[in-house]
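Listed below are the residues making up each chain.
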Amino acid sequence: MTTKLDRRPPASAPEAKGFRKAILLVERGTKEAIWDCRMCGQCILHSTGLSCPMRCPKSLRNGPCGGVLQNGNCEVLPDQPCVWVQAWEGSRRLPLWRDHMEHVQKPVDWRLQETSSWENLLTGRDRHAPAGWLAAGEGDRER
Amino acid sequence: MSGLPARSHLHRLLASGQFVVTAELQATDSPDPESVYRLADLLRGSVDAVNCTDNSAAHPHISPLAAGHLLLDRGVEPIVQLACRDRNRLALQADLVGAVALGARNVCLMTGDDVTAGDHPEAKPIYDIDAIHAIQIARIMRDRGIYVSGRRLDRPLPLFIGAVENPFAPPHDFRPMRLGKKVEAGAEFVQTQIVFNLATMRVFMARSGDLGLLDRVFILPSVYVCRSAGAARYLRDMVPGIDVPDSVIARIEGVPSERQADEGIRIALEIVEELREMRGVAGVHLISIKGDESIVRLVEEAGLLPRPGAGFP
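Those protein sequence lines, which keep their order, are chains P and F.
Each residue of the first sequence is one higher than the one before, starting from -15 at the first, in the numbering used here.
Each residue of the second sequence is one higher than the one before, starting from 2 at the first, in the numbering used here.
Careful, some of the hints might be misleading.
[Said to hold, decoys possible] A short list of chain F residues far from chain P (calculated; beta carbon distances all over 12 angstroms):
no., residue
1, Arg45
2, Arg234
3, Val256
4, Leu306
[Unchecked claim] Chain P regions said to be covered by chain F (calculated; three or more residues, Cβ under 8 angstroms):
no., segment
5, 42 to 49
6, 58 to 66
7, 69 to 75
8, 110 to 119
Calculated directly from the structure, the hints in this document are not laboratory data.
The beta carbon of each residue, even a glycine, is placed where N, CA and C say it ideally should be.
Next up, chain P with everything else stripped away, as it sits in the complex:
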């Protein structure tokens, strides 16, 4: 229900029920099993070599931090390979989307956590970004 005082932004997802809940469960079940998906609700897996960036302890969306160990493991979890080393290698193996590693990804919309990225893709919710971010598109740079 929307009233004048309802400050919920359009990007916030309503409660998942019925068919939508089924989609959520299928997505979670498959993507968690295959990619250790963290259900951020704004999936960019295809742009990151099929390595989920939300598994990075620093939640980085645009590439590895400077702390990657010389053996390619994570600074925070030294027993595990860096998610972004895997992303880079994975992206080189993909037939498509390899150049996506060069794209600047927008900040995470944390309201979409635990929602279905499939539904958000269809509804366009995952394309929502702060107005200022969108305003800073290409071509208006003062260099």
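Position chain F against the provided structure of chain P, taking the given hints into account.
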């Protein structure tokens, strides 16, 4: 790299093609302004700008905004570092406005060492946004005069925006591309991780050149002035992302301990000389843990004096 008027002393020097020297301030644990003034007095005249670190290695120290303000009190231009580890997008923007209000113009935006690397490993890290987001948000506040939400600032922030990059950490092939993303987001200068491995640095610079980045961003590699073999080993073993070749450690170990500090300066000097010859290197960023005097000595012995400081403030 910019047709606009320079936004800072550092910007002006870089734009004029001067080989610049920046240094990292040993952030103090003292509420006494004298603790920063003393370092400012030591470094003034030897370097062009000084980085105010942001809880470096995830240990709390004096805030970078406060340290930057105190440096300005003593006529030293600050580079205010801000890390995403401790601040979400609201806090970042608040600090950017605050930094400018206090007189700072240079900022250096980074993800930050994880809390597990510091003395408060039980803390909740933030990581709301990553370094590239932070850089683009700073650019939005500068070029459009708005917060990332779209709300207007009273006036645009005259920031000179910096970033960091680590050519020495895997995945090496992606590092130049990641630098490219930072430039795309708005980074105008970049300070690299500490250089010991010149071969890797050369490849990084060449690849960055292939991507057309050397004309779009000022690159300042970091040089560490090592005071002892123990310090070199600490860097190799305890600081993630640093590549200290065994040959460097062997070389410092090879001299008696009372002369190791001299050998450390000699090694740093050789690295500075090599870097000066590399295309696209716009200056050097000097780091020494608890050894600000050795930075002054290095600048002198490298023939980098006098610094062109007449234009500041």
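Hint-by-hint comparison with the structure:
no., hint, verdict
1, Arg45, "holds, 29 angstroms"
2, Arg234, "holds, 15 angstroms"
3, Val256, "holds, 26 angstroms"
4, Leu306, "holds, 31 angstroms"
5, 42 to 49, "holds (count 8)"
6, 58 to 66, "holds (count 3)"
7, 69 to 75, "holds (count 3)"
8, 110 to 119, "holds (count 5)"
Of the numbered hints stated above, none is contradicted by the structure.
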